[in-house]
Every structure is written in C-alpha cells, then in structure tokens.
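Put together the whole structure using the sequences plus the hints.
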Amino acid sequence: LVVYLQVHVIDNCPYELLVGRPFDVLCETTVQNTQTGDQFITIHDPNSDRRCTIPTYARGQKPKIL
Numbered sequence: 001l002v003v004y005l006q007v008h009v010i011d012n013c014p015y016e017l018l019v020g021r022p023f024d025v026l027c028e029t030t031v032q033n034t035q036t037g038d039q040f041i042t043i044h045d046p047n048s049d050r051r052c053t054i055p056t057y058a059r060g061q062k063p064k065i066l
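Under this note's numbering, the sequence shown has 36 at position 36, and the numbering climbs by one with no breaks.
Each hint should be verified, as a subset may be incorrect.
[Claimed, not checked] Beta-carbon label-pair distances, calculated as ranges:
(1) Ser48 with Asp11: 30 to 38 Å
(2) Lys62 with Val2: 22 to 30 Å
(3) Arg59 with Thr29: 29 to 37 Å
(4) Tyr15 with Asp38: 17 to 25 Å
(5) Asp49 with Tyr4: 15 to 23 Å
(6) Tyr4 with Gln35: 33 to 41 Å
For the record, the hints were derived by calculation from the structure and aren't laboratory data. Beta carbons are placed, not taken as given, at the ideal position from N, Cα and C, and that holds for glycine.
Encoded structure:
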C-alpha cells in the first residue's frame, strides 16, 4: 500500500517508526494481539479496499525481514 504522510525524522530515537492518531484515522488501523504474545497491525488503503497486515516486534529487537 502507498500512504502519503507528513513525517518528522529524528536521530537516535528508541524506535524505528512511531505513528499516532492521525495515521490510525487515515488508515483505519486495527491491532490484533494473539495468545502467543504476537501483535499485528492491519492498515486500510483509503483509496481502495486493499488491506495490509504487518507484524510488530519487541522494543530493542529488529525483524528478520521488513
């Protein structure tokens, strides 16, 4: 999905990407938590019916594939 956002770039912050309420509203995000401790974020393309589900990872860890 392609989503155009206004962003701020900050050096040496404790996260790779931090999104907030405006992003949640625009992309109609949903968060799914599993019993195994995994968490997934689903975003919706505001210009179509397409959706994309993205896994999250714990602070201090990086995903094997992004």
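Verification of the hints:
For the pair Ser48 and Asp11, the supplied restraint of 30 to 38 Å holds, since their beta-carbon distance comes to about 35 Å. Under the hint 22 to 30 Å, the C-beta atoms of Lys62 and Val2, about 24 Å apart, fit the expected range. Arg59 and Thr29 have their C-beta atoms about 19 Å apart, which leaves the hinted 29 to 37 Å range violated. The hint said 17 to 25 Å for the Cβ distance between Tyr15 and Asp38, and at roughly 18 Å that hint holds.
Between Asp49 and Tyr4, the C-beta spacing of about 19 Å keeps the proposed range 15 to 23 Å intact. Under the hint 33 to 41 Å, the C-beta atoms of Tyr4 and Gln35, about 36 Å apart, fit the expected range.
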